[in-house]
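The two chains are supplied separately, each in an independent frame; assemble them into the complex guided by the hints.
Chains as they are written, first to last, in my numbering: chain A, 1 to 577; chain B, 1 to 219.
Hints listed in this document are in silico derivations from the structure and should not be mistaken for laboratory results.
Treat the hints loosely; a few may be bogus.
30 Å max Cα-Cα, derived DSSO-like pairs, lysine-lysine [stated by the list, open to error]:
1. B:K182 - B:K134
2. B:K133 - A:K394
3. A:K322 - A:K88
4. A:K394 - B:K98
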Amino acid sequence: MKPLWLSLHWPCLQLDYAQYVAGELSLEQPACPHQPDATTYATQVVTPLQQLHEPQRAYLADPQQEFPIDAGPTRVKHRLPVVLLDEKTMQVVEMDRLAAAAGVHRGMSLALCCALVADLQVLPYQAAHSQQLCLQLAEALHSVCADLYLGPKHTLLLRLDPMLQLHHGLTGCLEAIQRVLAPLNLRCDAGLATTWLQAQLAQQPVQIQQATDPTPAKAKATQPTGKPASTARNHGVVHSLMPFCALPQHSLATLRIALTKTPLAAKWVEQLQRLGISHLHELLALPPAELTRRFGQELLHFLQQLQHTGAAGLSPFLPSEKFDVQLEFVWQPTLWTHLIRPLTTLLQQLESFLRKRQWQAHRLDLQLQLQEHADVTLQIHAAAGEYLQQAWFKLVSQKLESLVLPAGVRRIRLQALQLQARRQQTLVLWQEHKTASAAQTSGQLLALLQARLGSDAIKQPQARLGHHIELDLQTQFNWAALEWQPSIQNQTPTAPVDITSSVLPARWTCRPLFLHTTPQPLPLGCRKMGSIERLYSPWWHGHVEPRDYFLAQSPSWQWLWCFKDAKGQYFSHGGFA
Amino acid sequence: MDLEQLKQQGLVWNFDQQQPFLRQATGYTALDDVLLGGWPAHDVIEVISPAFCGENRLFWPWLIQQQGLRFWINPPSPLYGAALPESIRPYCLQVDTKNAADALWATEQCLQSGRAAAVFLWSHEPLNISQTKKLQLAASHGQTPLMLFSQPRPHYLPLPLSLSLELQPRAEGLQIHVKKLKGARSGSSCFLSWQQLYPALPLSPVLTQTGTWHQASGL
Chain A
1 MKPLWLSLHW PCLQLDYAQY VAGELSLEQP ACPHQPDATT YATQVVTPLQ
51 QLHEPQRAYL ADPQQEFPID AGPTRVKHRL PVVLLDEKTM QVVEMDRLAA
101 AAGVHRGMSL ALCCALVADL QVLPYQAAHS QQLCLQLAEA LHSVCADLYL
151 GPKHTLLLRL DPMLQLHHGL TGCLEAIQRV LAPLNLRCDA GLATTWLQAQ
201 LAQQPVQIQQ ATDPTPAKAK ATQPTGKPAS TARNHGVVHS LMPFCALPQH
251 SLATLRIALT KTPLAAKWVE QLQRLGISHL HELLALPPAE LTRRFGQELL
301 HFLQQLQHTG AAGLSPFLPS EKFDVQLEFV WQPTLWTHLI RPLTTLLQQL
351 ESFLRKRQWQ AHRLDLQLQL QEHADVTLQI HAAAGEYLQQ AWFKLVSQKL
401 ESLVLPAGVR RIRLQALQLQ ARRQQTLVLW QEHKTASAAQ TSGQLLALLQ
451 ARLGSDAIKQ PQARLGHHIE LDLQTQFNWA ALEWQPSIQN QTPTAPVDIT
501 SSVLPARWTC RPLFLHTTPQ PLPLGCRKMG SIERLYSPWW HGHVEPRDYF
551 LAQSPSWQWL WCFKDAKGQY FSHGGFA
Chain B
1 MDLEQLKQQG LVWNFDQQQP FLRQATGYTA LDDVLLGGWP AHDVIEVISP
51 AFCGENRLFW PWLIQQQGLR FWINPPSPLY GAALPESIRP YCLQVDTKNA
101 ADALWATEQC LQSGRAAAVF LWSHEPLNIS QTKKLQLAAS HGQTPLMLFS
151 QPRPHYLPLP LSLSLELQPR AEGLQIHVKK LKGARSGSSC FLSWQQLYPA
201 LPLSPVLTQT GTWHQASGL
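This is chain B alone, in the form it adopts within the complex (with noise of 0.2 Å):
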């Protein structure tokens, strides 16, 4: 079996022929110098992350500009209304769903209706391969991309994801690491401070008259 032979199965594939990856701007520089671009588009990214360290202000400037409904299934807690820009507040739905089945049933609606900018799922058990595939092509066929996130385990398997993020909160921000990047080497971090991620809260701790950090008294 000759080369040309190889080519016309489709087994040999040319570096010249590699089409670029359709990437989004997240909204950081820092960022989007790791990812090459930002955000694949229409794909499924998982971010494993623990809770409240900034995750979902990760995609904040990006969800903003967006159109459509935004989803939030089964977040760790409610949405909270006030903290939502009143451009998009009424786009902004949350699903609570009983067991993960309907969960991954709502996702999968959600992505292919093609009616969602974006789909943020909370799944309390690992993904399998299967499930991760048929959400990947929900979210292709709707042209939507889905957020999964997950809390970090001891036992990480490996799912055919395009973007996998892993975040460890640090006193003076949050350093993103890149475990898995389609079309690019994994292990790539980079570093977002505090003040990067939420520019209007005032992060400076409250000193007391000695000097000291003040910690809130009774526990």
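Pulled out of the complex, with its shape left as it was, chain A reads as follows (with noise of 0.2 Å):
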């Protein structure tokens, strides 16, 4: 069997991944005139050289600030064009879909876009943002395709043919590749070849859109002049990618390919050019021998990689063992419900990342990096372990509500720790007790407890051994306890406790129910009851004074758990409920 190698390449990735994140609509809609309020004209004075300098004033035209969700129906979502500029080159990087829609394309200058687009934003490019975006669609396809490789300028390459056998060949190989990315709606150039260099040369642009209708996902195949393919059917990946497929069956040379569009060096291409030589199948219809003889090595080298169908030059793709992402905004958020999106987008990214490797975490921290502010983490524990994205979601939201942001989020990073592997809870076939029918287990319930009340707000009684009553009240919640505590999830009945045996009673029995924090005054009038009880605290924990315990009763009839101290005075220390 032939390699097969799949190049995929996503031009304006930062972009299309804000705006899927944010859930906006498509280019398809169009911007509605509106009457602009102050924080609109302020943005709109900003001239795009003044946003780069001064990107905080860039993002005052978030369109959920402009328009809130209760705005009506009358008020429509409107935005402006974005574009990513780079400010070494001052060039165009990624253009979003309206400035693409308006002329922006990449490696256009700055001044040429303003003239283009009146209201346009620019953004600086972050290439660090957009490498660890890539390493995230990697994870993703990593599961339809194991041999995977980071290729230059952040392009993927999959090598297909091991993979054909698993998928029933590569109509399945490449639906499956399209149910992962359709989701996503990024823009896409994919080339299929026999090496990745050749793929990666023959990348076309493939618009891969999520499914609208009850059918399969259906996706559009884009012709490179932007026209739709006629002949698409359902499958939209797959017959977006069928003019590849017959590439492996074909040569190279039936391509017409630029030679600019190579990365041949610009002196080679330039000589070639003089030569009457544009295009890569002309080049290759030359004998070796006598290119090598006139341009030397380098073009051997060029001609000779762009044969091998190995991977040499490519660093593999492995899977992280931890998980910690970051999303960069393009608009800032101010308000948590603005936040939502994005972190179910993070939180699907984690349950993905668990499901695969069987694993569950047991606590998230979330970063928030606010403008012009400290940053603020949350830590939001789940004592039993969860790896569900619904689960996370039910803890994350209840540590925002409470949360009010200074200022909006500039971005939001993600780690899940303390991970370990799934534990499979054991169903019980009919179980009588309602918990067989309880939508949540119990450390699910604490987990969303202490996500809202605060991780002190759970406490444990305890009770050690010896009289160590003031350390007795210092417990909190025990994560780790409850952990050790298998029978938690579903507790065996207990033996009924027969109370009115007087027989030899417990020490529970005689100890109050509530205690107070700190010994309170005896009231006047109390009565005396029973003997006394001479207790000594733990000489180690600094509480060397004995106490003569007693019980006594309030002039309202209320049962006291008092005590004599050294000095002869009188306390109460806790009630009888």
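Here you go:
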């Protein structure tokens, strides 16, 4: 079987991904004119160059701020075209669909962009962010094709031929890739060839859209001219890539790829063009020996690399053992409700990460990086461990509800900590107890309470050996203790305790249910009942003074647990409720 | 409109079709007699009582035999672990909230989770009817009873509860007055002696040599 390489490249990854996360309308939704308010006007008077140097002002045109959710049906969401500019070359690197529709393309200068689009938002391009998004896509595609490599310029190269048997052929393999990529709605270039370099050179724009009808995923293949392919059927990716599928049967010479689009040095391209060779197939038609004699080893090396079927020169992608993802906002949300969609995206990635490894996470750290303010880090615990996106979102939203953001969020970072192998819960058939139909486990309930009320809101009473009365009150809820009590999930019925038995009463029967945090003065007129019990606190805890405890009844017939200290003073330390 | 039409619209109830209310024995015979069999299951029980007069003790025989977590939400003082039997101590949790809204939210979550055996809530502010109804729905959904404790108030607002008790401590025991009981007439009462509630405690007063009550000196 011949090697088969699929090259995937996303030319506008940052902006497309930001649009996917924000869940905005696509380009087909026309931007309706609206009455500019103060915020919008402030954005429009800022020139693109000023925005680049004052990025915080560029975020003023947050569409959700301009038009709140409850603004009513008459107010239509509107936003301005956005481009990402390389700060060194001052050329456009990425443009969103609105800017692309206005004629902006990659490599265009800022002045030309401003001439084409009057209201243009300009943001700095961050190569590291693109690299991180590319790694996230590689993580998602790794389940389809494990033979995955990171190519130059944020390109992913998938060697498909070892995976064809798993996916029942090329069509099944491409369908699996579509299922991963279609929901993201990213603009994509794809190429298929027998070597990775050929596949990269053969890249053509492929638009993959999510299904909008009940039929299987629908996508449109867009030709380089921008017109949708008339022969595209339901399985868009398959049929949009079908022209490339024919490539291995034919030679690369049939492709008319301009030499300027190849990684050849400009001087070689110029010399070849002087000889009348401007396309790759014309170059390949010449004998290699003659080309080497005339142009040297560099051109020969390029030709050899073009025909090399291995993965030389590529770095293989290995899935990370840690979950640490970040999301950069183009528009800075200032309300926690605006974070719901981005967080859902990140938590879906977390679920996918944990599912593949059969893991569960016990703690999440959510870091909110704010504009001109200190970062806010939230810790979310799940006692029994969680891996589902919905369960984590419930906990995260409880934390965020009580959070007031002092400024817009620039970036969010989500880390999963305390990862463990997932425990399979044992289900009991014909269980009559109500917990058989319970929607959540005990651990989920406690994690939910702690997420909203705080980590110190839940306390678990404990009784130590000896009389550590004050120390018994200093106990907090201990997640580790819960973890080591497997029976808390499915507690077995306790044996009935006869509390009316007065023979050899247990210690708990003569202790008050509630204990005051600090002893309180004994009210007047209390009656001392029963005998005195002298209790010594352990000397190593510092409470060395003995106390004579006794039962007392107040004038209002309340039952109090009192003591007399070494100085002869009387205090009430608890009550029998 | 004839009788059949009224029946079809559910406006007429037949006496023989009344469903018996599910009860769970309290562990005290006198109280079971008053409550027509015991605590109403999966509902809200209001207990109006001063603090530290055995208001929790009423539920103790029933509580020990239940399964699941026990929640004490905003109790008047912290729970003392030494007072809890070892068999249920790991499943007893105290929840402290900063405000009443959080307390009601936590109560609702505990009730409807289906993982709690019982929830004890101390409310410093009287609940309104909608809050009570919401808690009732949560208790019914999770099949968990809620014990709502409150202090005696001069102006009592009747709530749509299945059971409302008012406790009045006396020298010899606890007078339990049934303010409201679903499915029965209210106004009945019973008396439980301190010995019945606290059989293991030394409840006899200390007598001095002169035969008078010994009071704590220095007070």
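Numbers of unmet hints, in rising order
When the structure is compared with the hints, only number 3 turns out to be violated.
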